[in-house]
Amino acid sequence: MLEVKNLVKAFGGLVANGDISFELQEGEVLGLIGPNGAGKSTLFNCIAGYYKPTAGKILFEGKDIAGWPPHLVTREGIARTFQGMKIMPNLTVEENVMIGAFCRTNERQVAKKEAREILNLMGLTEFGKELPSGLPISVQKRIELARAIATKPKLLMLDELAAGLNPLETKEIIRTLQRFKEERKLTLFLTEHVMEFIMTISERVIVMAAGKKIAEGRPEEVARQDKVVEAYLGERYAKGR
Amino acid sequence: MGQLLTDIFFFNDRPRFERVGFLIFILIILIFPWIVTSAYGRAVAIKFLLFALFGLGWNLIGGYGGQVDLGQAKNVGFGAYATALMIVWWKVPFWLTIIPGMIIAAAESFAIAYPMFRLKGHYFAIATLCVALVWKELFIFWDWTGGARGVEIPIRSGADFVYMQFNSPIYYHYFIFFLFLLQFFFMNWFRKSKLGYAVQAVRDNEEAAASLGINVYRTKVVNYTITGGLGALGGSFMAVYYLYIDPDAVMPLDLSILIAMTVMVGGAGSIWGPIIGAAILIPLDMYLGAWLGAQKRLGIDFMVYAVIMMVIAAKEPRGIWGIIERKIKKETR
Amino acid sequence: MELTAQLLVYGVLMGLIFALIALGLSLIFGVMNIVNFAHGEFLMMGMYIAYLLSTFLHLDPLISLPIAAGAGYLLGIGSYHILIHRILRGPMVAQLFGTFGLMLFLRYLAMYIFTPDVRSVKQGILVGKTLSMGWVNVDASKIFSAGVCLLAFAAIYWMIYRTKLGRGLRATSIDAEAAKYMGIDTKGMNALAWGIGGATVALAGALLAHFYYVTPTVGMLFTLIAFATVALGGFGSILGAFVAGIIIGLIMVISGQLVSELKFSFIYVVYFLVVVFRPRGLFGW
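Protein chains in written order, with our numbering: chain A, 1 to 241; chain B, 1001 to 1333; chain C, 2001 to 2285.
Hints in this document: simulated from the structure, not taken from any laboratory. Worth double-checking, as some hints may not be accurate.
As the list claims (entries may be wrong) - Cut-off 30 angstroms, straight-line C-alpha distance, at most; resulting in silico cross-link-like pairs (DSSO-like, lysine-lysine):
no.: 1; chain 1: C; residue 1: K2187; chain 2: B; residue 2: K1315
no.: 2; chain 1: C; residue 1: K2180; chain 2: B; residue 2: K1315
no.: 3; chain 1: A; residue 1: K86; chain 2: B; residue 2: K1194
no.: 4; chain 1: A; residue 1: K152; chain 2: A; residue 2: K57
no.: 5; chain 1: B; residue 1: K1327; chain 2: B; residue 2: K1315
no.: 6; chain 1: C; residue 1: K2180; chain 2: A; residue 2: K86
no.: 7; chain 1: C; residue 1: K2164; chain 2: C; residue 2: K2180
no.: 8; chain 1: A; residue 1: K5; chain 2: A; residue 2: K52
no.: 9; chain 1: A; residue 1: K112; chain 2: B; residue 2: K1330
no.: 10; chain 1: B; residue 1: K1330; chain 2: B; residue 2: K1047
no.: 11; chain 1: A; residue 1: K113; chain 2: B; residue 2: K1329
no.: 12; chain 1: A; residue 1: K112; chain 2: A; residue 2: K86
no.: 13; chain 1: A; residue 1: K185; chain 2: A; residue 2: K63
no.: 14; chain 1: A; residue 1: K154; chain 2: A; residue 2: K181
no.: 15; chain 1: B; residue 1: K1120; chain 2: C; residue 2: K2187
no.: 16; chain 1: B; residue 1: K1327; chain 2: A; residue 2: K112
no.: 17; chain 1: B; residue 1: K1192; chain 2: A; residue 2: K86
no.: 18; chain 1: B; residue 1: K1047; chain 2: A; residue 2: K152
no.: 19; chain 1: A; residue 1: K129; chain 2: B; residue 2: K1329
no.: 20; chain 1: A; residue 1: K171; chain 2: A; residue 2: K113
no.: 21; chain 1: B; residue 1: K1296; chain 2: A; residue 2: K86
no.: 22; chain 1: B; residue 1: K1296; chain 2: C; residue 2: K2122
no.: 23; chain 1: B; residue 1: K1330; chain 2: A; residue 2: K129
no.: 24; chain 1: B; residue 1: K1194; chain 2: A; residue 2: K129
no.: 25; chain 1: B; residue 1: K1194; chain 2: A; residue 2: K154
no.: 26; chain 1: A; residue 1: K113; chain 2: B; residue 2: K1192
no.: 27; chain 1: A; residue 1: K52; chain 2: B; residue 2: K1329
no.: 28; chain 1: A; residue 1: K152; chain 2: B; residue 2: K1194
no.: 29; chain 1: B; residue 1: K1296; chain 2: A; residue 2: K129
no.: 30; chain 1: A; residue 1: K129; chain 2: A; residue 2: K181
no.: 31; chain 1: A; residue 1: K52; chain 2: B; residue 2: K1194
no.: 32; chain 1: A; residue 1: K63; chain 2: A; residue 2: K171
As the list claims (entries may be wrong) - Interface residues of chain C toward chain B, partial, derived using beta-carbon atoms under 8 angstroms:
no.: 33; residue: G2078
no.: 34; residue: F2100
no.: 35; residue: S2265
Don't be surprised by glycine CBs; every beta carbon is placed ideally from N, CA and C.
All chains should be built: construct the whole structure from the sequences, respecting the hints.
What follows is the structure in structure tokens.
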């Protein structure tokens, strides 16, 4: 479904993504892990259209979407959430989600119905008429998720969804996510620098360090590789094991 | 179709006190000229409705769009000049001059929006100001616009619904009220439309808006274009109401500022804000200004404005409507 | 030839004044990212001080220079403490309207006190004197003003790049949050920027009063000229304001010669083109 080929993104002389290639099958859950500064967010932003790749191809269902502006990428069927939350502060929760739903319809009533349905499934109905700024982080995270899902994506990219959540809230959001994945036939691509979350949900993971892909495979296999441990914990820890 | 009409004419999503308040407002405006019979009082009411109309239009870019545009007077000027010149040159009936005026203003806004929206914040605000000032200097410089002398529309005798000339201000009162309602219901539709939500999403967070499939740049350009067209509507009215226009009357910087201020004081980004702002500033301007002018104390009225502006900026950027809304929320809790 | 030389000299001299006017605006923007719409009104106040001292106390307008600068400093600091620091954290719209309110207030305060009448400084050693140098005749007051502008620029430049206070200002402009943690009194630095901004522009006003008429509404035009200058030089750049001031002076004088009715339009167009096509300006970061 998504195929990234030899993607390079450089900021001036600094290479944030160097020659990244990977594939993502329909219905799969792919995790992207790596320490801070590994280039995960840059990769995300390249796919979602926020950065223009320096070189390489991003094929989504056969179309090369590299360099497309973000709104066209979304309309093509790739939705995303943001690492630092970007909720519209002056619009109610329901309106936030409605704006997502407007991606696929021009009718307000249709968008509203869709938004209410998603909010209901998320357990957010009670907050519908409230402004998002006063709500707890766990609720705001779910609003972002709801908003992205409302654009009816085929591929959903989640940037650090679990950051700032406690274990209980993390579990809850994983359950919600899995339900949506089943019901709406979503393909998921997620990054996280906290391992636990990503290891439990992903079927396959990619590990990045210093702008390069260093490993790929099933979560439990990858976690055992020396170079992965090294990237996370430093060289000495990997060798002393 | 039924849904469209509902979206235009109903406020089901707003609390009841707002709907009742709006009904009372309509009633007051309807009976106003029969209660207040002084020419001055009626003139105040007409100017209030005119600025409420201007405010509603500017609210699109300044309130819902969150971009400070300090050049709305150029659009007022385009509307006023289109109407006045078409009537003087070709004797075109007034009603047929409104749309061309709006189209000219919208077209200019569209053309200028293209480079303009590479700018943000202060840069954008100052650029709008500069563009409006250049247009004003050009209108003074050119001969075909009448230059600094302006344009005079020949006076007709008796009531004339083709050229909208009347002896009694009552006609103008209902006429501007009609234009006001047109724009008001347009705004009521707009704020609930897909475009309206896109504009607000872009105001609140451009990156998030783009991630939801909104073309940020296009949304801004379209919004600015519509704002331009709406500004011209009031300008057309000014031409037939005053029957004489010149660049200093219909395109000055002060007009741009007053329009923006009306919305800021009343409450930007709310449908009631411009009405509240105009209801406070215009009577203040006309009564205080006239009274102080008679005392030969120029300037105090604007100093009062300025203080209101600074207090609003420092204490309550959401304007008077923001204060009202918060009070109501507290009480219902 | 004579005309060209005359225009060039005149343009450069006017440009130096524009540069001094723009200096404060650029400094304030650089330090705290806020645009002062009342900048021209500070200038207007400096002009009225020169006018008052000359007309009623029969002091030479030269003596009014330090007085105007001092008053401008106080006005700048006062504005910061009373208004600006309250709107700094608000949304951009509130900032804009805050300084806009300040502008209206000062403008109409002047209207109330002085009436809209056009006034000018009539006495003074330099008023009305011209120097003749070959082809070129120049007002003595303009030459003198240009000299004062150069000195003021040098002084401010020295202050910002060679003193401890200047280092505090620069630190605040680069990263106010970090500067605060380093123990720099950022609020004091902001106030200082407003003080210096007010002092330099009021000084420019007292100089300008030698050869330019004074009205309560004179400020807006110079605010816009200053915006154009600062945009051209790069927002926050001191050196940029200097060079851009001279360029703007030349543009205005030359375009005024070509189409005098539109001479200000040329400056507005310059602003527009610069911010759209080269938002960093000539020397911006």
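These are the hints, each one checked on the structure:
1. K2187(C) - K1315(B): holds (19 angstroms)
2. K2180(C) - K1315(B): Status holds; Cα separation ~25 angstroms.
3. K86(A) - K1194(B): holds (20 angstroms)
4. K152(A) - K57(A): holds (24 angstroms)
5. K1327(B) - K1315(B): holds (15 angstroms)
6. K2180(C) - K86(A): holds (27 angstroms)
7. K2164(C) - K2180(C): The given pair, whose Cα atoms are some 15 angstroms apart, holds under the 30 angstroms limit.
8. K5(A) - K52(A): The hint holds at about 14 angstroms.
9. K112(A) - K1330(B): Satisfied, since the Cα-Cα distance of roughly 27 angstroms is no more than 30 angstroms.
10. K1330(B) - K1047(B): Roughly 34 angstroms between the alpha carbons, so the hint for K1330(B) and K1047(B) is violated.
11. K113(A) - K1329(B): Status holds; Cα separation ~26 angstroms.
12. K112(A) - K86(A): Holds. K112(A) to K86(A) sits at ~21 angstroms (cutoff 30 angstroms).
13. K185(A) - K63(A): Holds. K185(A) to K63(A) sits at ~20 angstroms (cutoff 30 angstroms).
14. K154(A) - K181(A): holds (10 angstroms)
15. K1120(B) - K2187(C): Holds, at about 26 angstroms.
16. K1327(B) - K112(A): holds (28 angstroms)
17. K1192(B) - K86(A): holds (22 angstroms)
18. K1047(B) - K152(A): Measuring from Cα to Cα gives roughly 48 angstroms; hence the hint is violated.
19. K129(A) - K1329(B): Given pair K129(A), K1329(B) holds - Cα atoms ~13 angstroms apart, limit 30 angstroms.
20. K171(A) - K113(A): Holds: K171(A) and K113(A) sit about 28 angstroms apart, inside 30 angstroms.
21. K1296(B) - K86(A): violated (54 angstroms)
22. K1296(B) - K2122(C): holds (27 angstroms)
23. K1330(B) - K129(A): With Cα atoms ~16 angstroms apart, K1330(B) and K129(A) stay inside 30 angstroms; holds.
24. K1194(B) - K129(A): holds (18 angstroms)
25. K1194(B) - K154(A): Holds - the C-alpha atoms of K154(A) and K1194(B) are around 23 angstroms apart, at most 30 angstroms.
26. K113(A) - K1192(B): Within the cut-off at roughly 14 angstroms; holds.
27. K52(A) - K1329(B): Given pair K52(A), K1329(B) is violated - Cα atoms ~46 angstroms apart, limit 30 angstroms.
28. K152(A) - K1194(B): The given pair, whose Cα atoms are some 17 angstroms apart, holds under the 30 angstroms limit.
29. K1296(B) - K129(A): violated (53 angstroms)
30. K129(A) - K181(A): Roughly 26 angstroms separates the two Cα atoms, so the pair holds.
31. K52(A) - K1194(B): holds (28 angstroms)
32. K63(A) - K171(A): Cα-Cα ~35 angstroms, so violated.
33. G2078: violated (13 angstroms)
34. F2100: Holds. Min distance 7 angstroms.
35. S2265: This interface hint holds because 5 angstroms falls under the 8 angstroms limit.
Of the numbered hints stated above, those contradicted by the structure are hints 10, 18, 21, 27, 29, 32, 33, listed in ascending order.
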